[in-house]
Amino acid sequence: MHPAYSVIVFTTASGAGYGLLIWLSAGVALGLVPRTPALGFTGLGIALSLVTLGLLSSTLHLGRPERAWRAFSQWRSSWLSREGVAAVATYLPAGALGLGWVFGETMPGQVTTAAWLAIAGSLVTLWCTGKIYSSLTTIRAWNQPLVPPVYIALALGTGGLLACALLPMFGADARWAAAASVVSLVVGWVLKRRYWTAIDSAARTHTAEAATGLGHLGTVRPLDPPHTQPNYVMREMGYQVARRHALKLRKVAVGLLFLMPLALLIWLLAPLPAFAQLTLAIAAVLSGVIGVLVERWLFFAEAEHVVVVYYRGGAA
Amino acid sequence: MTSLPEASAKKLGLVIDLDTCVGCHACATSCKEWNSNGYSAPLTDDDAHGGDPHGTWLNRVHSYEVGDGAESRTVNFPRSCLHCETPACVTVCPTGASYKRASDGIVLVNPDTCIGCKLCSWACPYGAREYDHGDGTMKKCTLCVDRIYNETMAPEDRVPACVRACPTGARHFGDLGDPQSAVSILVAERAGFDLLPEFGYNPVNKYLPPRARKDREVTPRAIEAPLRAGPGSNADRFFAWVDKALSR
Ligand code: SF4
Ligand code: SF4
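Chains as they are written, first to last, in my numbering: chain H, 1 to 316; chain X, 1 to 248.
Some hints here could point you the wrong way.
[Unchecked claim] Chain H side only, calculated, beta carbon under 8 Å to chain X, not exhaustive: (1) 60; (2) 63; (3) 139; (4) 143; (5) 221; (6) 310.
[Unchecked claim] Partner residues are not named here, just some residues of chain H that face chain X (Cβ under 7 Å, in silico): (7) 71; (8) 81; (9) 233.
No lab work stands behind these hints: they were computed from the structure.
Beta carbons: idealized from backbone N, C-alpha and C, even for Gly.
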């Protein structure tokens, strides 16, 4: 599949945004973060800006962005529509949490309830994003049960890294956020490894013989192409990164997304001056985000659509 | 609404005969011509006069070599939307632009509400949907919905443009939901089949397999007369001259 850059940016930015929203909400609900208005304003501001930036970026992928509002209508059947509805719905508790945090609670328990709802909304949105891909039976590398859990784990991982950088700026304890990030990244790493094993060992069961129904006559090989230049289908669905490059990029993704941030998080546990801590945390965020971008690019570039068998024969 | 309707009684579709198709692309070009002006207009092209000309077409004709050695043969293979009964291209659509008509089973894209998210094209295993960069919307075969019910046209023209254009009669149009229809009988007689049935999309369109080869039984006849006879009759010379003139 052709890597859609606006979608890659969208899922990376909004993933980190939802991850941060989840951890800040959890911090509030469990009493792990101070209720300083400045932290609430900045933290939730960054989280919601990333989410919004991601959503806006995803509309760049559309042929008719001005009609994007129509995408909220088909939540009964479409995961893409559900994602949109869940994303918009999550703004409500997130906004209530922000108001309660910054301006003070007006009703007892208001902030805690909003925090739990924001967590639920974020998780549902991330799950829907994963389901958009994993529900497509036409693309074997996407039609995998591990796709939504990986999306969630990586969002929690990158959001946790953001929290590690953010909390110390407001004099808050970030050790719980570091622990949360370590757990999320390790889980993400294990799931992603399992995912790669799954797609590497998946049998290529859709053949050109079945696609044309001509298998009883022998092997089916393309003779004359239907058109001289690649069409939309070939440009969009025929894109595939060479296996050699993919394996190299998997290593890059593992290094930047898991190894580097984990090493930096461990280093953060040592007693360091505040400035050094902040630098390490920001380095971990940058490394993790670039790692997710590489991972997302590969998610597209390694995925093969069944339609390619009509053009190149063989199996997919 | 992108939820699928109850199974429609009427299932309009095509039956494509892989035995008779000669791969002339008349169906594809007539489709492009009709649909550049009808329901699917505009059906735009990119870089039409440049180095990388490509554009949106709703029908594509592949040619395959099938089998090995003396048993091999060429099979021409037109590919377009199969108007599936339970297609995910409809259910994944977030806007309701992609829909299946309850009245006759035709799968359409509403050009006024499609946002061009391309998800439906990802969900189609048959590569039947092509995104129109010029228009920002998704395009697909409409089964010439603007011809088949068009009472301003002569009755023989009320079939999809591809069916009308096919010079070998390899394309048949009709109601595959009616077991007595000509197309249903044809499918039954010739063992028509579905493409990629394992996806469970239940295509309405059917393909007819190439007939068994007969040339194994036939003994090749010796060529009776040399191809280039010397100056024969005046008529022969006249036709030879015509042939030469026309092939210049
Ligand atoms: S052939 Fe493709 S576009 Fe047409 S109905 Fe089936 S899945 Fe949808
Ligand atoms: S491209 Fe248009 S028709 Fe296809 S899923 Fe998106 S909105 Fe629906």
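A quick look at each hint next to the structure:
Evaluation of the residue 60 of chain H hint against chain X yields a violated restraint, the C-beta minimum of about 11 Å exceeding 8 Å. Residue-level restraint check for residue 63 of chain H holds (minimum Cβ-Cβ distance to chain X is 2 Å; threshold 8 Å). The restraint placing residue 139 of chain H at the interface with chain X holds, with a minimum CB-CB distance near 7 Å, inside the 8 Å limit. Because the beta carbon of residue 143 of chain H sits about 11 Å from the nearest beta carbon in chain X, more than 8 Å, this interface hint is broken.
With its C-beta approaching chain X no nearer than about 5 Å, residue 221 of chain H sits inside the 8 Å limit, and its interface hint holds. A distance limit of 8 Å between C-beta atoms decides the matter here; for residue 310 of chain H the minimum to chain X is near 6 Å, and the interface restraint holds. Given hint, residue 71 of chain H at the interface with chain X, holds; its Cβ is 4 Å from that chain's nearest Cβ, closer than 7 Å. Hint status for residue 81 of chain H relative to chain X: holds, with the closest Cβ pair at about 4 Å, below 7 Å.
Against a cut-off of 7 Å between C-beta atoms, the interface hint on residue 233 of chain H holds, since the closest Cβ of chain X lies about 4 Å away.
Violation of the numbered hints given earlier is confined to hints 1, 4; the remaining hints are satisfied by the structure.
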